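With the hints as constraints, model all of the structure from the sequences given.
Number of protein chains: 2
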Amino acid sequence: MLDFEFYTPTRMIFGKDTQKQVGKIVKEYGFKKVLVHFGGASAKKSGLLDQVTDALKAEGIDYVMLGGVQANPTLAMAKEGIALCQREGVDLVLAVGGGSVIDSSKCIADGVGNPDTDVWNFFLGQGAPKKALPVGVILTLSASGSEMSASCVITNEEQGLKRGFNSVTHRPLFSILNPELTYTVSKFQTGCGTVDIMMHTLERYFGLGQDTPLTDRIAEGLLKTVIEAGRTADKEPENYEARASLMWAGSLSHNNLTGLGRNFFMQVHQLEHELSGMYPRIAHGAGLSALWPSWARYVCDGNVNRFAQYAVNVWNLDMNFEDPMKTALAGIQATEDFFKSIGMPTSLKELDVEPEKIEEMAVKCTNYGKRTLPGIKVLGKAEMMEVYQLALQAGN
Amino acid sequence: MLDFEFYTPTRMIFGKDTQKQVGKIVKEYGFKKVLVHFGGASAKKSGLLDQVTDALKAEGIDYVMLGGVQANPTLAMAKEGIALCQREGVDLVLAVGGGSVIDSSKCIADGVGNPDTDVWNFFLGQGAPKKALPVGVILTLSASGSEMSASCVITNEEQGLKRGFNSVTHRPLFSILNPELTYTVSKFQTGCGTVDIMMHTLERYFGLGQDTPLTDRIAEGLLKTVIEAGRTADKEPENYEARASLMWAGSLSHNNLTGLGRNFFMQVHQLEHELSGMYPRIAHGAGLSALWPSWARYVCDGNVNRFAQYAVNVWNLDMNFEDPMKTALAGIQATEDFFKSIGMPTSLKELDVEPEKIEEMAVKCTNYGKRTLPGIKVLGKAEMMEVYQLALQAGN
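Chains A and B, in that order, are what the protein sequence lines are. Heads up: the first sequence begins at 964 in this note's numbering, then just goes up one per residue. Heads up: the second sequence begins at 964 in this note's numbering, then just goes up one per residue.
Hints are supplied without guarantee of correctness; some may be wrong.
Claimed, not checked - Cβ pair distances, simulated, as ranges:
id: 1; chain 1: B; residue 1: E1191; chain 2: A; residue 2: R1334; range: 36 to 42 Å
id: 2; chain 1: B; residue 1: E1201; chain 2: A; residue 2: L1171; range: 23 to 29 Å
id: 3; chain 1: A; residue 1: K1020; chain 2: B; residue 2: N1226; range: 43 to 49 Å
Keep in mind that the hints were calculated from the coordinates and are not lab data. Since we're looking at a predicted model, the values are computed, not measured. Built from N, CA and C at the ideal position, the CB exists for glycine as well.
Written out as structure tokens, the structure is:
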């Protein structure tokens, strides 16, 4: 087990109707003026925004609103939020939405907390925020884990760059999780969320390290739960227990509980970022789903026993002691079959990725030759191209 | 899944030699004067106290020391600590020890934070602390989970009362966990810790609730890990990985992660508190070990499937679908055999408990007829006596 720090100070408030408590919770902390930050029309149409503002009004808490956050939240939108908060004297950013809205809120919080710095600098690794406005969350999508994490990813459209960084300053103070709010999430977005949650744990599980039995058992248990709940939510969108399992797993999957004592490098996430960077129409979860089986088959012989452990402990497959590789590959196949069963793509062909773009994606993923990605197999440009190529040919 | 709140703001710093970072960590927070609170001679003899004070000195941090905390930490000792902190202007209580030292430190922190209230009132449920001095921890024993929990148990020797309460005010700000510091813990105390850690999860696992698959998988994974690590640590006290698994499991086992979405009532803990209250020579872990198998056999028919799940998922036993009770009982037997294998008692007879004391313990456990304990089976005086009686006859 490697040394680690674990710090998850976000207060998680989980259960039915919990969004209605938001006024009381905000008042308890003593905040006076809230930025209610949200995405598109669905939060309005569902009545959720009215519930939130009613709850704030009932406690006499002032608020301003800023909607319109889209997938891949932009720096421009965050800057609009920063200016609004400064103008209005906001003391809490309340994200009502999924990962995009939460990340936009985190960026706003950092911007307001550090008025003398261009907030984009933090995403370029130039300096770190010293403080930030507190962030609260009402979660409407089980996927990113941003509601309990220190991470934040923002797209600078002018520069065509998507960048992320971690900071304790913007980790949410509290997050309100009502699984019922995800009943209306589409089949496709539910599938994307299921894949994203699994991937946050799989990237850690297939990182480097040993002697992490507790972390392994937690990771395997989370994966088993998400597989079952993902299947159920796909068929029964209003199944509370399935939605609840996905939502809680989403938070635990990216707060690092499932990676403690191990090293990990998020290879598949990095490969996917270039993919959806090149093709903004590709949803993050769909990109991960299309890449993972090919990535896994490519790196598998670097740690056959680890993939066999995954097959046995997550998929309940029998261990082939004579030929562990068979077990390892069966676990990857089971994952691929599951992704397909919930309507997720498992090849880049399904996503209409053009073969001639592969080299460009690989070049970008090496940051123009400046890095390789460590892991079970180290990925440089050539290896990345092979993974993309395999993912393009998959299913043929 | 029942609604829940989950809040674990303690910063956990885990790994080799981490105690040497304590000066830097304390300085980072800006504390000026530390109470170094500890137990007996072992912290001195091992050189740990010197390491701690050297690390503080190296950062120019002033400190005072108060040692002598014993198992079942007393109100008198805590009051001495409160007076010392007030006199010396202490702004951080640093617990160097196990659960007893941590709980004593929490009580001191509450006392200093609320100078107008007798701190014992909080333990009697009369009022709650408004604030507290921050508490830091350097852990030397894997057992209580107090290093990441809001709970605190103190004994008022004058009144012959042992009482506990939970408060976010005294939850540790940071905890430093170096598994190497537990190499010198005796076989018996290691066994007691192993049982205590398991019990914190078992009490939750055998509480009331359903549809908690993620919580269940985490609980089962923790139990499997602790069983294996407990076995190894019993044979190889200086096995880092086993000590590390026990230490991390100890923290996760009582921060509520393994009980989220369920109701639980700590029946075995309540029964044990009367036992070690009556016989202070009985260690908490030994009392739990002596009671649990009998408690489990007594309540088992109230939820046979849950006990069968435990047998299959924790002990890898085959499910007897024709007679699930056989599987359930086999799981209890496996637990009992494990306790024995690490030198822990599994009957009250081994602990020289007198049969004539049973009624008195049961009466006290009902708080003199004022309560019953909810659970798989509701325990009133008569039922408690039956459990004690079974535990007395066990192994005959």
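- Message: Quick check: does the Cβ-Cβ distance between A/K1020 and B/N1226 fall within 43 to 49 Å?
- Response: 34 Å, violated
- Starting from the range 36 to 42 Å, see whether the pair B/E1191 and A/R1334 falls in it by beta-carbon distance. The hint (36 to 42 Å, Cβ to Cβ) holds, given that B/E1191 and A/R1334 are roughly 38 Å apart.
- Task: For B/E1201 and A/L1171, compare the CB-CB distance with the range 23 to 29 Å and indicate the outcome.
- Result: The hint (23 to 29 Å, Cβ to Cβ) holds, given that B/E1201 and A/L1171 are roughly 25 Å apart.
Comparing the model with each earlier hint shows a violation of hint 3 alone; every other hint is respected.
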